[in-house]
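S.K.: Each chain, letter by letter, is given below.
Protein chains: 2
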Amino acid sequence: MEQINLSIDCLVLGYSDDQKLKALLIKKIINKDNDLQYALPGDLVGYNEDLNTASKRILKNLTSLSDVFLKQFYTFGHPNRTKHKKDQDWLNIYRKRPKERVVTIGYMALVKMEDYKPGPSSFAFEVEWVSIDNVPKNMAFDHNIILNKGIEFLRNQMNNEFISNLLPRKFTLSQLQNLHEIILNQKLDKRNFRKNILKVENIKRTEERQEGVPHKPAFLYQFSKN
Amino acid sequence: MEQINLSIDCLVLGYSDDQKLKALLIKKIINKDNDLQYALPGDLVGYNEDLNTASKRILKNLTSLSDVFLKQFYTFGHPNRTKHKKDQDWLNIYRKRPKERVVTIGYMALVKMEDYKPGPSSFAFEVEWVSIDNVPKNMAFDHNIILNKGIEFLRNQMNNEFISNLLPRKFTLSQLQNLHEIILNQKLDKRNFRKNILKVENIKRTEERQEGVPHKPAFLYQFSKN
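Protein sequence lines, in the order shown, are assigned to chains R and L. Note that the working numbering has the first sequence beginning at 5, numbered continuously upward. Note that the working numbering has the second sequence beginning at 5, numbered continuously upward.
Treat the hints as calculated values from the structure; they're not laboratory data. Hints are supplied without guarantee of correctness; some may be wrong.
Any copy will do: because identical chains look the same in the list, a pair fits if it lies in one copy or spans two.
What the hints assert, rightly or not - Distance condition first, Cα-Cα at most 20 Å in a straight line; then the derived EDC-like pairs of lysine to aspartate or glutamate:
(1) LYS220 / ASP71
(2) LYS64 / ASP93
(3) LYS121 / GLU185
(4) LYS87 / GLU212
(5) LYS203 / ASP193
(6) LYS87 / GLU53
(7) LYS103 / ASP54
(8) LYS153 / ASP54
(9) LYS116 / GLU205
(10) LYS191 / ASP137
Since this is a predicted model, take the numbers as computed values, not measurements.
All chains, please: the whole structure from these sequences, using the hints.
M.R.: Structure representation (C-alpha cells):
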C-alpha cells in the first residue's frame with residue numbers, strides 16, 4: 005500500500021568559544037563497506053506519538069542531548085526527497101519499506117555549548133560539531149536544504165528568546181555582536197550595535213569582566229529575567 | 005494497518021474595508037441532519053503530491069481562490085486531534101479510514117480582499133469571511149489552535165512581504181496603522197508610528213488622496229518595488 009511516512013529531523017545549533025555557529029551532525033554507516041555519510045539527527049515518528057514528544061525522543065536517542073530549547077520550524081515534503089541513490093542504500097538496510105515517501109518535520113535545537121556534551125547512540129556512529137560554513141554539501145536526503153531553511157528561520161527569529169539559548173550565561177558585547185553578524189550574515193557597525201542593542205534587548209551589565217585576556221578585559225552581560 | 009495520514013489546512017486572511025482582519029471559513033455539513041460546522045479549508049495530501057502543490061490545489065478546490073500569497077507556517081500533530089465526537093461524524097461520512105491519525109500542515113494565505121471573490125465548492129457548503137474576533141470557538145478538529153498559531157506566526161513576520169498582501173494596492177497610513185494594531189494586538193502611538201514606519205518600511209506617498217470621505221481626505225501610500 006502506498007503510504008506517507010512521517011519523520012523528524014533536528015537541526016542542533018551551538019555557538020562555540022571560537023565564535024562560530026556550529027551544527028551537530030551525525031555520521032551514519034550507509035553500506036557494507038562502512039562508508040560514512042553526514043546527516044542531521046532524525047528518525048520516524050511513532051504512530052501514537054505527539055510531534056513534540058517525538059522530537060525530544062529522537063534528539064536524545066541520536067545525540068544524547070535532552071532538556072534543550074527545541075522548536076519546530078518547517079515541514080519538508082518533496083515526493084522524491086528520499087529517492088536518491090545515495091540515500092536508498094541506507095534506507096534498504098534500516099527501513100522496512102525503503103521506497104515509501106517520507107515527509108519530515110524540521111525541529112531546531114539551540115544549545116549553550118558550555119552546558120552539553122553530546123555523544124553518539126542508536127544508528128549515529130559518531131556525532132560532530134561542524135561549523136555551518138563547512139557543512140558537507142552531500143548530506144543525507146535533503147538535509148542541506150533543511151539546514152539552510154533553519155538558518156533562515158533563525159534569522160527571522162532574531163530575538164532574546166532564541167539567541168539567549170546560544171550564548172553562555174554571561175557574555176561580552178563582542179560575542180553578542182559576532183553572533184548577530186553570523187546569523188544575519190553581515191557585518192554590523194560596532195558603535196551603532198552597542199548603542200541600539202542595549203535599547204531593544206533586555207540585557208544588563210554585570211560587575212564581572214571576562215577572564216584570560218591579556219589586557220582591558222571586557223564587561224560581561226546577561227539577559228534580564230523579565 | 006496503522007497509518008499516519010497527512011493533510012493541509014489553509015488559514016486564509018484578508019483585511020477588509022471596515023478595517024478588520026478576517027479569516028475565510030468554510031461550512032461543512034457534518035451529519036444526516038444537515039448540521040453545519042465551521043472549518044478552515046483543508047484536505048488530505050495525495051501520495052505523490054508536493055506539499056506546496058497540494059496547498060494550492062486544496063485552497064482552489066474549497067474556496068476557488070488561486071494565485072494568492074500562500075506560505076507554510078506550522079505542522080500540527082497531536083495524536084488525538086481528529087478523535088473528538090464532533091469530528092468523527094464528518095470523518096465517518098467522508099473518509100475511508102476515519103479512525104486513523106491525521107497530521108496537518110498549516111498554510112497561510114494572505115489576500116487583498118478587493119481582488120478576490122471566493123466561492124464554495126467540493127465539500128465546502130458555503131464560504132464566509134469571519135472577523136478573527138468572532139470566529140466560532142468550536143471549529144472542526146483543532147482549527148481554533150491552528151488559527152491562533154497562524155496569527156502568532158503573522159505577528160512574527162510583520163514585514164513588507166507579508167502585510168503588503170493584505171492591504172489594497174494603495175492605502176492610507178491609518179489603514180496601515182490599524183492593520184499593525186490588529187496583528188500586534190496593541191494600540192500604537194500615531195505620531196511615532198508615522199515617523200518610524202516611513203523609516204523602516206519601503207513605503208512612498210502617491211499623489212492621490214482617498215475618496216468618499218467628507219473632509220480632509222488622506223494621502224494614499226504604496227509599497228515601493230525594490
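S.K.: Sort out which numbered hints this structure fails and list those numbers smallest first.
M.R.: Violated hints: 1, 2, 3, 4; rest satisfied.
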